[in-house]
Amino acid sequence: MSVHYQAVIWNRQKKIYDATAIGAMVAYLALFIGLGAALHPNATIETLLIRAFATAAFLLLHFILAIGPLSRLDKRFLPLLYNRRHLGVLMFTLALAHGAFSIVQFHGFSDRPAIVNLIDSFPSFQLAGVAALLILAVMASTSHDLWLHWLTPPVWKRLHMGVYVAYALLIAHVAFGYLQAESSPFPLAMTVAGAIALSALHVAAARRERAIDLNETAVCELAKIPDNRAVIVCAGGERIAVFRNGDAVSAVSNVCRHQNGPLGEGKIIDGCITCPWHGYQYDPATGRAPAPFDDKIPVFETRVENGMVYVNTRVVR
Amino acid sequence: MTAETIALLLAAYCGIGLCFAIAFVFVLMPRYDRAARGVSLGFRLLALPGAVLLWPLLALKL
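Residue numbers (my numbering), protein chains in the order written: chain A, 1 to 317; chain B, 318 to 379.
Just chain B, with the same shape it has in the complex (with noise of 0.2 Å):
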């Protein structure tokens, strides 16, 4: 595999991650994490990266 590779790959993990953070952090966790409904814009944007990182992990929890 080519590093060109590797990196288109890394670049679409990342892509769908943040797709996936978006809705995560305004839709999903407020929907199934009651201690997450009405938080502050500040609180949601600190709970993007994670949720980039590991939008497998959470998908699969929905």
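Only chain A is shown next, with the shape it has when bound in the complex (with noise of 0.2 Å):
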């Protein structure tokens, strides 16, 4: 959508995001490495540092996993889902640090090829482990807007998705590897808690919109609509988000034509919608994006009745 593509478009927000999640990350593998060394005096600094890079890619990955969720359910989180695929290509320079070093502690030290030993030892949790960090490498290196355009929105959605299945691989690759050798329940509570604490996230947001699903054309109350805001509701198999500009109401569709943000949970600035994700604007009555740009996304005929809101999602412009 933009006239030419740039690495990032850098803006102060962004700046701030990558500084605090940076920040945060160097603090944290110096605090584990740190710790590390003084509680375990014999542990090697490949040790520490193969495992601070994995935990804190781990507990990232957890937290990228969570945003999603979390910004459905209160709005309040919607700053951490600004700019989140920044926070998937950290989290994938951590873990390839992890997957290097590994292979060249576990590997590197005999007269075959490190990956001809690493091959060899099929089937075992460190395959696992790499092909997680081969769907995320592929994530990381597809992240720019440019992938989108030449995999096309509905592909790249689908390798993109792949997160979970990177999420599973992990799960096991922690099980069957760095869990069976750890004498202490803590680590093994804390995945577990991980994993019903991701899961749980999922099924309230998911709970939530089936909540508001509806099987008629009554959306919601006007007055609940925060002003340039919307509420992003489930009709006609659509998820459509319901804005409201002053005394105006537009009925939008909920998918970005960016990179399928939600909509939804963006808001109007200058009298435009606004995604979330990455700022693409549609004008709220037309649909259309200001010039040059010439996406268009499906707008619902809306009317208000008695203070309450109805789409009709059979009517298109």
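It is worth saying that the hints were derived from the structure and are not from the lab. All figures in this text were calculated on a predicted structure; none of them were measured in a lab. No residue lacks a Cβ here, since even glycine has one placed at the ideal position from N, Cα and C. Among the clues, some could well be false.
Below, computed lysine-lysine pairings styled on DSS-like, alpha-carbon distance capped at 30 Å [as the list claims (entries may be wrong)]:
no., chain 1, residue 1, chain 2, residue 2
1, A, Lys157, A, Lys75
2, A, Lys15, A, Lys75
3, B, Lys378, A, Lys157
4, A, Lys296, B, Lys378
5, A, Lys75, A, Lys267
6, A, Lys267, A, Lys14
Covered stretches of chain B (in silico footprint by chain A; criterion: 3 or more residues with CB under 8 Å from a CB of chain A, positions within the stretch not fixed) [claimed, not checked]:
no., segment
7, 320 to 331
8, 355 to 362
Partner residues are not named here, just some residues of chain A that face chain B (Cβ under 7 Å, in silico) [unchecked claim]:
no., residue
9, Asp111
10, Ile115
11, Val138
12, Trp147
Put the two chains together into one complex; each comes in its own frame, and the hints tell you how they fit.
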């Protein structure tokens, strides 16, 4: 949608977001290695690095997977949703560092190439980790808009839903690797708690959306839609964002044409619906992106009667 | 199939991918995508890993 691709379109918010994320990860790594060296004086620096990178990446993956449902449950989490893909690239970098150190540590000191030793370990928890790392590599390397254009949005979306496959593989990687050698129940309890928390969040977010699922055209009371914001509803099998701009109401597809971002979690800025992910904008009345862009999202007919908003999903402009 | 053969196939995939990716980011991408014309070297390098990994998909699209 942009006129020319840029590596990153920096703004103040992105800089703060990235600096916070990188700062937190550096602090975590320093703390983990410092505490690890103090509590386990016999541990080598390689072992500490491998574990520090692994736990940092795994924790960050949980955080990333929690952002989506948290934002749907409570709008105060929305700022975390913006530029979430930067967190994904950071998480992949940490996972790659873990993988590289591990391969050198466990397979790098033999007559055969490390990669051959690694493949020969099949079936092993290590290969589950490698498979997850490959999925994360594909996701990180295709996170730019360029790939949305080249792969098309449906393919890109399916590719990036692979994060759940990667998560399952990482659970297997942790369960059959690290946890097997651990005598303390704490890491196992943390892993199980993480999986349960993520599942619960996703179920809660899905149930909340289903609770406002519609079989009829009445959507909600106009007064309950915050000004310049939207509520997201399901109607006619579609997720629809119903925006309020003063007394005006408009209903549009909840899916941004750019990267399938949730438009209903955005707001109206300068008279345009603005996607919370990357700031792509659309006219609420026509669904058209402002010039020079030519993208358009479906717009549905609305009417307000006795303070109640009605949406006709069969009528699309 | 032995581990050596699998490693060789992986190396071949990545090797072909790297050759394709260099051609893609410097020649093919700007030719087929108007928004990719005149982009910086940094952006081209950013696009390189994805092209190495997904070169068969990209080749099918050309």
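Structure-based check of all given hints:
1. Note on Lys157 of chain A and Lys75 of chain A: the hinted pairing holds, with a Cα-Cα distance of about 23 Å set against a maximum of 30 Å.
2. Pair hint Lys15 of chain A plus Lys75 of chain A holds up; C-alpha atoms about 22 Å apart against a cutoff of 30 Å.
3. About 17 Å separates the Cα atoms of Lys378 of chain B and Lys157 of chain A, which keeps this hinted pair within 30 Å; it holds.
4. Straight-line distance between C-alpha atoms of Lys296 of chain A and Lys378 of chain B comes to about 24 Å, which keeps the hinted pair within the 30 Å bound.
5. Proposed proximity of Lys75 of chain A and Lys267 of chain A is supported: the alpha carbons are some 11 Å apart, at most 30 Å.
6. For the hint linking Lys267 of chain A to Lys14 of chain A, the alpha-carbon distance of about 18 Å falls within 30 Å, and the restraint holds.
7. Coverage of the segment 320 to 331 of chain B by chain A holds. Counting CB-CB distances below 8 Å, 5 residues qualify, and the rule asks for three or more.
8. With a threshold of 8 Å between beta carbons, the proposed coverage of the segment 355 to 362 of chain B by chain A holds, since 5 of its residues qualify and at least three are required.
9. Interface hint at Asp111 of chain A: violated, since its Cβ lies 12 Å from the closest Cβ of chain B, which is beyond the 7 Å cut-off.
10. Annotation: Ile115 of chain A was flagged as interfacial toward chain B, and the flag holds, the nearest CB pair being 5 Å apart, inside 7 Å.
11. Checking Val138 of chain A against chain B by beta carbon gives a least distance of about 5 Å; that is within 7 Å, so the hint holds.
12. Checking Trp147 of chain A against chain B by beta carbon gives a least distance of about 6 Å; that is within 7 Å, so the hint holds.
Checked against the numbered hints above, the structure violates only hint 9.
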